[in-house]
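Protein chains in written order, with the numbering used here: chain A, 1 to 111; chain B, 1 to 116.
If you're looking for bench data, these hints aren't it; they were derived computationally from the structure.
Hints should not be assumed to be uniformly reliable.
For lysine-lysine, the following BS3-like pairs were computed, each having C-alpha atoms within a straight-line distance of at most 25 angstroms [said to hold, decoys possible]: (1) A:Lys70 / A:Lys55; (2) A:Lys78 / B:Lys64; (3) A:Lys78 / A:Lys55; (4) A:Lys70 / A:Lys110; (5) A:Lys110 / B:Lys41.
Computed beta-carbon distance windows for the label pairs [as the list claims (entries may be wrong)]: (6) A:Asn62 / B:Gln60: 36 to 42 angstroms; (7) B:Pro40 / A:Asn62: 26 to 32 angstroms; (8) B:Lys55 / A:Pro40: 31 to 37 angstroms.
Please read these numbers as outputs of a predicted model, since none were measured by experiment.
Backbone N, C-alpha and C fix where the C-beta goes; we use that ideal spot for every residue, glycine too.
Chain residues, written in single-letter form:
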Amino acid sequence: AQTVTQSQPEMSVQEAETVTLSCTYDTSESDYYLFWYKQPPSRQMILVIRQEAYKQQNATENRFSVNFQKAAKSFSLKISDSQLGDAAMYFCACFNNDMRFGAGTRLTVKP
Amino acid sequence: GAVVSQHPSWVICKSGTSVKIECRSLDFQATTMFWYRQFPKQSLMLMATSNEGSKATYEQGVEKDKFLINHASLTLSTLTVTSAHPEDSSFYICSAISGGNTGELFFGEGSRLTVL
């Protein structure tokens, strides 16, 4: 099964600044999907951004963008113009038949 | 987007009793559902994958006799924690996929189980 690694347990960013969350993954499959999810204190999983592995173009969703390096199996998330509401746990995930998650990164946004 | 509902959202039970958690897809047919367990400040750990009409596939280390999963219809999967013990206390999250291997997962709100 695929594995996902997030090496940053905690990150902090100043409001309006940019922050990048790191993620690496490992899979033997050629067809898979990568995700970033946000989990606020309510624990509801919120999809932030999705990337199909067969697409070379990096996905973007408003202030959120990814840097997808397929050869390096790297999938980082960049949050621009950080807002207080962005504070949450962020999980990187890989889907191929099932979804596996990284350990998560707790993001703090300082006013 | 599609909606997945979990019930109950919070349950407290006595040690030795069984607890059932329901996961329903409200506006789509879920061919596959996944059950996760999340301990405080930790990640979501996949427990099992259930396909409608067939036996669930459990991850290594997950006791299938302890965590009974039933996916009897395209809109409902249930997780029953049998003979619950305090160490089973956790947050359980289900997710559903509507079909195909597109990675389009929809998550329930989660169920917090506390075993006294």
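Each hint, compared with the structure:
1. A:Lys70 / A:Lys55: holds (10 angstroms)
2. A:Lys78 / B:Lys64: violated (39 angstroms)
3. A:Lys78 / A:Lys55: holds (18 angstroms)
4. A:Lys70 / A:Lys110: This hinted pair is violated, its Cα atoms lying about 32 angstroms apart.
5. A:Lys110 / B:Lys41: Holds: A:Lys110 and B:Lys41 sit about 21 angstroms apart, inside 25 angstroms.
6. A:Asn62 / B:Gln60: 36 to 42 angstroms: Cβ of A:Asn62 to Cβ of B:Gln60: about 39 angstroms, so the range 36 to 42 angstroms holds.
7. B:Pro40 / A:Asn62: 26 to 32 angstroms: Distance hint for B:Pro40, A:Asn62 holds at roughly 31 angstroms.
8. B:Lys55 / A:Pro40: 31 to 37 angstroms: holds (35 angstroms)
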